[in-house]
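Number of protein chains: 2
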Amino acid sequence: MIVLDYRDKRPIYEQVVEKLEHLIVCGALEANTKMPSVRSLALDLSVNPNTIQRAYAQLEQDGYLYTVVGRGNYVTSEQEWKSGKIEQLMTEVREALTKAHDIGVPKEDIWNAVSEIYAETTP
Amino acid sequence: MIVLDYRDKRPIYEQVVEKLEHLIVCGALEANTKMPSVRSLALDLSVNPNTIQRAYAQLEQDGYLYTVVGRGNYVTSEQEWKSGKIEQLMTEVREALTKAHDIGVPKEDIWNAVSEIYAETTP
DNA sequence: CAAGTGTATTAAGACTATTAATACGCTTGC
DNA sequence: GCAAGCGTATTAATAGTCTTAATACACTTG
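Chains as they are written, first to last, in my numbering: chain C, 1 to 123; chain F, 124 to 246.
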C-alpha cells in the first residue's frame, strides 16, 4: 500500500500519515473504505503496531478516518475531512491577520495580498 | 535589568529574548542604547556568556539589535525592527491565505474574516 | 598592549520524541 | 460462549536534539 523511505529523517508515523493523507485527498481511497488493520499494516511495513496506531490516531484527529473499536478504521467522506481542514486553515488565517492588525498593518495591504493570491488566471 | 523565572520550562535564552524584546517594543530601551555586554549580563544573571550570546544573536536576527564587533550590541530604531516584523507577519499571512485558497475557501470568507478583525470599535 | 568587546568550537548533560514490548478490552462469527 | 480478529493503554528502552557550559580566538579602543 505504501513504501517507507529510511533516508527520510522524519519519524515513521509521520511518513505514514503523509502518504495515507495524500491517498485520501487524491481520492485513491474512497469514503468508508476499510483501512488495513493496525497489526497487518505494521507487519506489512515491518514496524511496531503502535507506530501505525499513532499514525491512525493522527489521521482521525485530522478528520480523515473514523474508528470503530473492535472493527477497524474507515475513511471519512470528503465532505467531513474537508470541512475540518477548512476550519483549521481559517483559524490559521485569523491568527495571522490578528497579529498583522495588532502591529498596525493597514487594511489595504491585507486586501492587496488577498487580491494577488486570489487573482484567477482564467476569469 | 531582567529577572529569570526558573519555574519556567522554556530555555533561559528564550526568556532573555522575550524580556528584552518586550523592553524594546515598549520603548523602555531607546534606539542606539548600548546593551549590557554579553559577559556582564551573564554575570548579572549567573548564566554562561554563551547563553546571552545566543539571545543577542536571536534579537539581532529579529532586527531588534545590531552588533559592532569589539564594541557591543545596540538597540535598532523602531523604524527598522518594525519593518522587519511587518515583513515577517505578511509572509505568515500570505502562507495562510495561499493554503486557504488552494483548498477552495471562497474569497468572500476571507474578506469577512478581514472585516471582522479590522472592524474598528471607534470609527 | 591591556582590558574590554563579540565569536567560534567543542563537549557534557538534560530533556524529549520515537519506537517497541506487552497486556488489556471490545466486536464478530462460528 | 469463545476464539480470532480488531483498536487501546501502559510502560520502558533508545535515539536524537536541544540547552548550556568550558574554553580559546579575534577585534576595538584608550
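One thing to keep in mind: the hints can contain errors.
[Said to hold, decoys possible] Heads up, incomplete: computed chain F residues facing chain C, CB under 7 Å, no partners named:
| hint | residue |
| --- | --- |
| 1 | L166 |
| 2 | E215 |
| 3 | V216 |
| 4 | T221 |
| 5 | K230 |
| 6 | Y241 |
[As the list claims (entries may be wrong)] Now the stretches of chain C that chain F is said to cover, found in silico as 3 or more residues with beta-carbon under 8 Å:
| hint | segment |
| --- | --- |
| 7 | 78 to 84 |
| 8 | 110 to 117 |
Hints in this document: simulated from the structure, not taken from any laboratory.
Positions of the beta carbon are idealized from the N, C-alpha and C atoms, including for glycine.
Results for each hint:
{"no.": "1", "hint": "L166", "result": "34 Å, violated"}
{"no.": "2", "hint": "E215", "result": "4 Å, holds"}
{"no.": "3", "hint": "V216", "result": "4 Å, holds"}
{"no.": "4", "hint": "T221", "result": "6 Å, holds"}
{"no.": "5", "hint": "K230", "result": "5 Å, holds"}
{"no.": "6", "hint": "Y241", "result": "5 Å, holds"}
{"no.": "7", "hint": "78 to 84", "result": "violated (count 1)"}
{"no.": "8", "hint": "110 to 117", "result": "holds (count 5)"}
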